[in-house]
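Engineer: The lines below spell out each chain.
There are 2 protein chains.
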Amino acid sequence: MPSYQAPVADALFLLNDVLHWDRYNNLPGFSDASPDVVEAVLGEAAKISEEILQPINLSGDHEGCVRNADGSVTTPKGFKEAFKAYAEGGWIGLATNPEYGGQGLPYTLATLVNEFSASANMAFTMYPGLTQSAIAAIDKHASTNLKQIYLPKMIAGTWAGTMNLTEPHCGTDLGLLKTKAVPQADGSYAITGQKIFISAGEQDLTENIVHLVLARIEGAPAGTRGISLFIVPKFLPDATGNPGARNPVSCGSIEHKMGIHANSTCVMNYDGAKGWLVGEANRGLNAMFVMMNEARMGVANQGLSQSEVAYQNAAAYARDRLQGRSISGPKAPDKPADPIIVHPDIRRMLLEIRSFNEAARALILWASLHADMATRNPDEKLRQTSEDILGLLTPVLKGVFTDRGFDNAVKAQQVFGGHGYIAEGGMEQFVRDARIAMIYEGANGIQALDLVGRKLPKDGGRALTAFLSEVNAYLKEEEADAAMKPYTSGLKQGVSHLQQSTVWLMQNAMAKPDNAGAGSYDYMHLFGLVALGYMWCRIAKAAMARKAADASQAAAMDAKLIAGKFFMERMMPETASHLARISSGADTMMAMPAEAF
Amino acid sequence: MPSYQAPVADALFLLNDVLHWDRYNNLPGFSDASPDVVEAVLGEAAKISEEILQPINLSGDHEGCVRNADGSVTTPKGFKEAFKAYAEGGWIGLATNPEYGGQGLPYTLATLVNEFSASANMAFTMYPGLTQSAIAAIDKHASTNLKQIYLPKMIAGTWAGTMNLTEPHCGTDLGLLKTKAVPQADGSYAITGQKIFISAGEQDLTENIVHLVLARIEGAPAGTRGISLFIVPKFLPDATGNPGARNPVSCGSIEHKMGIHANSTCVMNYDGAKGWLVGEANRGLNAMFVMMNEARMGVANQGLSQSEVAYQNAAAYARDRLQGRSISGPKAPDKPADPIIVHPDIRRMLLEIRSFNEAARALILWASLHADMATRNPDEKLRQTSEDILGLLTPVLKGVFTDRGFDNAVKAQQVFGGHGYIAEGGMEQFVRDARIAMIYEGANGIQALDLVGRKLPKDGGRALTAFLSEVNAYLKEEEADAAMKPYTSGLKQGVSHLQQSTVWLMQNAMAKPDNAGAGSYDYMHLFGLVALGYMWCRIAKAAMARKAADASQAAAMDAKLIAGKFFMERMMPETASHLARISSGADTMMAMPAEAF
Chain P
80 MPSYQAPVAD
90 ALFLLNDVLH
100 WDRYNNLPGF
110 SDASPDVVEA
120 VLGEAAKISE
130 EILQPINLSG
140 DHEGCVRNAD
150 GSVTTPKGFK
160 EAFKAYAEGG
170 WIGLATNPEY
180 GGQGLPYTLA
190 TLVNEFSASA
200 NMAFTMYPGL
210 TQSAIAAIDK
220 HASTNLKQIY
230 LPKMIAGTWA
240 GTMNLTEPHC
250 GTDLGLLKTK
260 AVPQADGSYA
270 ITGQKIFISA
280 GEQDLTENIV
290 HLVLARIEGA
300 PAGTRGISLF
310 IVPKFLPDAT
320 GNPGARNPVS
330 CGSIEHKMGI
340 HANSTCVMNY
350 DGAKGWLVGE
360 ANRGLNAMFV
370 MMNEARMGVA
380 NQGLSQSEVA
390 YQNAAAYARD
400 RLQGRSISGP
410 KAPDKPADPI
420 IVHPDIRRML
430 LEIRSFNEAA
440 RALILWASLH
450 ADMATRNPDE
460 KLRQTSEDIL
470 GLLTPVLKGV
480 FTDRGFDNAV
490 KAQQVFGGHG
500 YIAEGGMEQF
510 VRDARIAMIY
520 EGANGIQALD
530 LVGRKLPKDG
540 GRALTAFLSE
550 VNAYLKEEEA
560 DAAMKPYTSG
570 LKQGVSHLQQ
580 STVWLMQNAM
590 AKPDNAGAGS
600 YDYMHLFGLV
610 ALGYMWCRIA
620 KAAMARKAAD
630 ASQAAAMDAK
640 LIAGKFFMER
650 MMPETASHLA
660 RISSGADTMM
670 AMPAEAF
Chain Z
80 MPSYQAPVAD
90 ALFLLNDVLH
100 WDRYNNLPGF
110 SDASPDVVEA
120 VLGEAAKISE
130 EILQPINLSG
140 DHEGCVRNAD
150 GSVTTPKGFK
160 EAFKAYAEGG
170 WIGLATNPEY
180 GGQGLPYTLA
190 TLVNEFSASA
200 NMAFTMYPGL
210 TQSAIAAIDK
220 HASTNLKQIY
230 LPKMIAGTWA
240 GTMNLTEPHC
250 GTDLGLLKTK
260 AVPQADGSYA
270 ITGQKIFISA
280 GEQDLTENIV
290 HLVLARIEGA
300 PAGTRGISLF
310 IVPKFLPDAT
320 GNPGARNPVS
330 CGSIEHKMGI
340 HANSTCVMNY
350 DGAKGWLVGE
360 ANRGLNAMFV
370 MMNEARMGVA
380 NQGLSQSEVA
390 YQNAAAYARD
400 RLQGRSISGP
410 KAPDKPADPI
420 IVHPDIRRML
430 LEIRSFNEAA
440 RALILWASLH
450 ADMATRNPDE
460 KLRQTSEDIL
470 GLLTPVLKGV
480 FTDRGFDNAV
490 KAQQVFGGHG
500 YIAEGGMEQF
510 VRDARIAMIY
520 EGANGIQALD
530 LVGRKLPKDG
540 GRALTAFLSE
550 VNAYLKEEEA
560 DAAMKPYTSG
570 LKQGVSHLQQ
580 STVWLMQNAM
590 AKPDNAGAGS
600 YDYMHLFGLV
610 ALGYMWCRIA
620 KAAMARKAAD
630 ASQAAAMDAK
640 LIAGKFFMER
650 MMPETASHLA
660 RISSGADTMM
670 AMPAEAF
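Chains P and Z, in that order, are what the protein sequence lines are. Add 79 to a position in the first sequence, counting from 1, and you land on the number used in this note's numbering. Add 79 to a position in the second sequence, counting from 1, and you land on the number used in this note's numbering.
A few of these clues could be false.
In this list, chains with the same sequence are indistinguishable; a pair is considered to hold if it fits within one copy or across any two.
To be verified - Calculated cross-link-like contacts (lysine to aspartate or glutamate; reagent style EDC-like; alpha-carbon spacing at most 16 Å):
| # | residue 1 | residue 2 |
| --- | --- | --- |
| 1 | Lys414 | Asp252 |
| 2 | Lys460 | Asp350 |
| 3 | Lys414 | Asp399 |
| 4 | Lys410 | Glu674 |
Quick caveat, the hints were computed from the structure, so don't treat them as lab data.
All chains should be built: construct the whole structure from the sequences, respecting the hints.
Structural biologist: Okay, here's the thing in structure tokens:
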């Protein structure tokens with residue numbers, strides 16, 4: 080059975096040494112998150128992840144969720160107790176609004192807690208994770224009255240949240256959605272329609288479930304401009320705010336799917352269910368985007384989480400498994416064979432994963448810090464810059480982390496040979512679970528289009544300019560440091576390819592938008608490599624300083640310096656192929672008639 | 080539910096127009112395989128694949144194999160009848176020795192039949208596929224007496240074959256194996272030990288199962304030089320050659336695994352089971368290599384097969400599914416949305432798969448033709464060259480086809496969005512089934528080592544020289560053809576990167592063998608791209624000629640020309656990154672202490 084140890088030491092190094100956590104203690108919430116508080120919080124998060132969530136991950140996968148004849152759903156053994164412990168530990172409300180019972184700690188901290196939880200048990204973590212996203216949307220867009228009814232319960236984890244977008248005929252293209260909302264005399268709406276692929280749509284973990292539902296108010300315009308967002312609870316809150324009458328919304332069936340078996344994926348039927356408008360009428364997509372952006376960061380985190388736990392198990396196996404001899408001569412001559420970690424190709428696989436994981440953690444923390452600054456920084460201009468960079472990074476993180484998270488889970492499985500294919504070993508679960516992250520919350524191709532078609536041109540390219548200015552200024556600053564050369568020279572090359580690609584898109588996509596679509600996916604991955612490479616530079620710099628200051632950390636810091644060098648030598652060269660592909664344009668692929676495919 | 084149509088037209092084009100099938104009709108077996116016979120054979124193979132094997136693929140996955148209390152194994156519904164039809168159709172013995180009832184047709188033809196079968200039902204095809212590999216090993220190495228007893232039954236498909244190598248403590252490193260063989264007075268051996276991961280080890284499809292088992296004769300040297308190969312039947316043949324007494328070999332359990340659920344993966348216990356030596360004592364690995372090389376080609380074919388069937392379904396879905404509008408303006412303004420095939424990124428995914436599939440089919444047919452020539456060509460020197468090229472290509476095909484087969488199944492699944500993750504849709508089965516092909520018959524890292532450590536230096540690099548000479552001669556020949564430029568220029572670039580990589584390995588691996596190990600995986604994929612690129616050039620040339628000769632074929636040939644151009648623009652650039660990675664060497668990865676992973 081797989082094991083998991085939360086990477087607390089790495090997280091603290093990233094927060095303190097790389098991101099300079101102490102510089103932000105003037106921001107609301109950060110002053111409550113002094114380094115020792117952070118260490119304590121992460122220690123507790125590690126504990127619940129390792130001791131409560133991880134032990135029910137494999138069993139949860141094998142058991143799965145069951146829909147009963149009455150439409151209720153039973154989650155796997157242990158999930159109810161685990162959810163109770165998780166809610167009571169205050170983990171759902173860690174970074175939520177204190178006005179409604181949240182702890183108001185930095186979102187950055189919640190990112191780490193969610194990574195640990197998802198590494199330990201991705202299917203479980205979706206229940207609180209979706210609740211957090213729903214809390215964010217309600218907090219931002221709902222009326223005070225709705226907030227007062229729903230937020231305290233959701234933050235406490237006695238009620239959970241879901242998001243209901245997809246319908247059988249529309250996933251990506253929400254303009255097609257048909258679920259309708261009919262205004263009622265009491266100011267509520269009667270919601271009717273069918274939603275599919277609703278994660279956590281029904282479960283037995285909480286006393287109530289709060290569905291955030293996109294629907295079209297009768298008579299609203301067609302397309303995306305006629306969509307509104309509604310709160311539709313499973314049980315209608317009574318006068319005391321407790322669950323009262325059953326609302327006619329029910330789970331029609333649950334899907335049998337490749338992975339995340341322990342999370343119920345529901346068909347939800349709304350039969351005139353009572354709902355309340357969140358935000359303005361016909362501006363539902365706008366409100367839902369808050370939830371989607373939070374959820375996209377959460378899904379990016381899932382990619383990292385599966386890569387991390389898969390790595391840990393593969394590394395342990397590679398150190399233990401005796402098979403063959405090193406090509407440079409026996410390394411364990413007293414044993415029948417050498418551990419397979421002596422083989423370069425095993426190390427290649429492990430380092431491809433590792434050199435992603437550490438930089439990815441840095442990157443999502445950096446992005447999370449921007450999320451915190453976008454709402455908490457007193458300086459409006461800095462808030463704007465942070466929002467720009469976060470907006471730019473969100474599709475990159477979602478697309479790149481989930482693609483690589485899956486690939487890395489596959490690589491880690493490969494280290495196990497045949498044993499990796501066996502269900503009892505648990506490695507194949509990481510692969511199956513990681514797979515969904517490339518699909519939901521906007522398939523990765525959609526993320527790439529969001530990046531190239533929306534985020535790049537927005538505000539005259541202000542976000543990209545801010546990002547590149549920072550990276551180029553950093554490169555200039557480090558130019559004189561010879562020790563940094565192995566890192567900065569790789570990044571420089573990557574940045575150059577990114578800039579060339581950007582120029583190519585600017586020159587060729589205006590007249591022919593298909594050129595943007597044809598290069599978008601490669602551009603997203605190219606961007607990801609550059610952003611990860613930038614993180615590796617900052618990690619390397621901090622590791623050198625830490626090593627110089629504290630000899631006891633030399634081995635740990637050397638490992639980082641090696642992983643970073645590996646990234647520059649082995650991962651960064653990929654940017655050249657991305658540039659070549661992007662600048663080959665759309666002509667060839669568009670030349671194929673649809674019927675010839 | 081997924082569908083499948085065997086690519087008969089493409090197969091015929093490759094055989095006739097690209098590989099010039101008619102030039103080989105002087106070889107034994109080929110004279111019986113005139114173009115019209117080939118067309119008829121492929122038509123029948125398509126029929127059984129589409130009508131009998133494909134309809135039980137999804138149900139077979141969901142049902143799986145069951146081991147009963149008595150150690151017997153029940154295969155899914157319909158498998159018994161399908162196997163009977165397959166055997167009676169003569170498909171197992173298509174390319175086997177006519178002396179024992181085989182049809183003696185070219186192996187190249189069997190490659191196509193096996194691709195069709197595996198596309199339709201990979202788990203099913205493993206039963207006859209392993210039998211074919213066992214037949215090859217017995218035919219090559221066993222005594223006439225053993226051949227007479229076993230081959231006719233196996234060729235007829237009334238008995239099946241398996242290969243038994245792996246033990247709990249040894250997979251790749253067979254030198255560690257412990258199963259022992261004790262010589263008996265009657266010339267047989269008593270085999271005792273445990274084998275794991277034995278595909279098709281027990282089943283209810285055939286009246287007998289013939290296990291080919293690696294074991295160590297009592298007193299034999301340790302390591303790989305003390306291993307012998309044995310035939311160990313489930314039922315001992317009686318005097319009439321029919322199944323007699325039960326041999327003490329039994330299935331202890333079957334594995335629950337990620338995919339190929341309809342193929343039983345068994346723990347086999349040998350408790351003094353009676354076996355007969357195949358080939359010389361202590362030369363068992365040598366004999367088993369015949370089976371393994373056949374099986375590796377078969378596994379390469381599985382990679383292609385899953386890529387092909389996944390592609391077909393994804394392309395059909397992309398033409399049908401309405402979602403969003405083309406960025407260059409609506410393409411189906413009368414419909415609520417455009418079919419998703421209008422989006423460049425959907426086309427990118429489909430063409431990445433398609434541009435692999437067609438070249439991969441050409442490449443495995445070319446390799447198969449070399450397999451035929453290696454045994455059937457009257458000219459000894461040409462036999463040798465074919466054997467060299469086949470030996471060089473085998474690890475490349477196994478490693479590259481299965482890696483890409485899996486990646487492509489993942490891409491095809493991605494085209495379906497959320498629907499691809501649902502079990503009922505069948506797309507996720509292709510991913511799970513394809514995954515094993517990267518692992519078994521030697522994990523792909525082992526294939527890479529076989530290529531770089533064994534096949535490259537063998538006989539002073541004779542095989543690589545033969546391959547490169549052919550490709551370079553081809554490039555020279557086509558130099559003057561301007562229409563071929565889009566194809567040959569990409570190949571030229573790839574060949575240059577392959578040659579530079581080879582030189583780097585020659586210069587750097589001698590003194591430091593880890594440099595070979597560190598670059599082997601990239602080298603294998605670089606080689607694969609060049610070999611596929613060579614095939615695309617030959618396909619493009621043939622397509623231009625065919626189009627000029629027959630206007631009715633223009634659309635089909637144009638599609639090939641587009642797919643080939645896409646390959647050169649979008650896949651071939653990857654060779655540059657491979658070169659960069661290879662020449663970064665082993666130093667960084669070997670610098671990490673084992674305990675730091």
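Engineer: Look at each hint and say if it fits the structure.
Structural biologist: Each hint tested on the structure:
In this assembly of identical chains, Lys414 and Asp252 lie within 16 Å of each other by CA distance solely across copies; the values are 13 Å between and 60 Å within a copy. Taking the closest pair of Cα atoms, Lys460 and Asp350 never come within 16 Å of each other, the shortest separation being 47 Å inside a single copy and 78 Å across copies. Taking identical chains as interchangeable, the C-alpha atoms of Lys414 and Asp399 lie at most 16 Å apart only when both belong to the same chain, with a minimum of 12 Å there against 59 Å between chains. Taking the shortest Cα distances, Lys410 and Glu674 sit within 16 Å of each other only across copies (14 Å), while inside one copy they are farther apart (58 Å).
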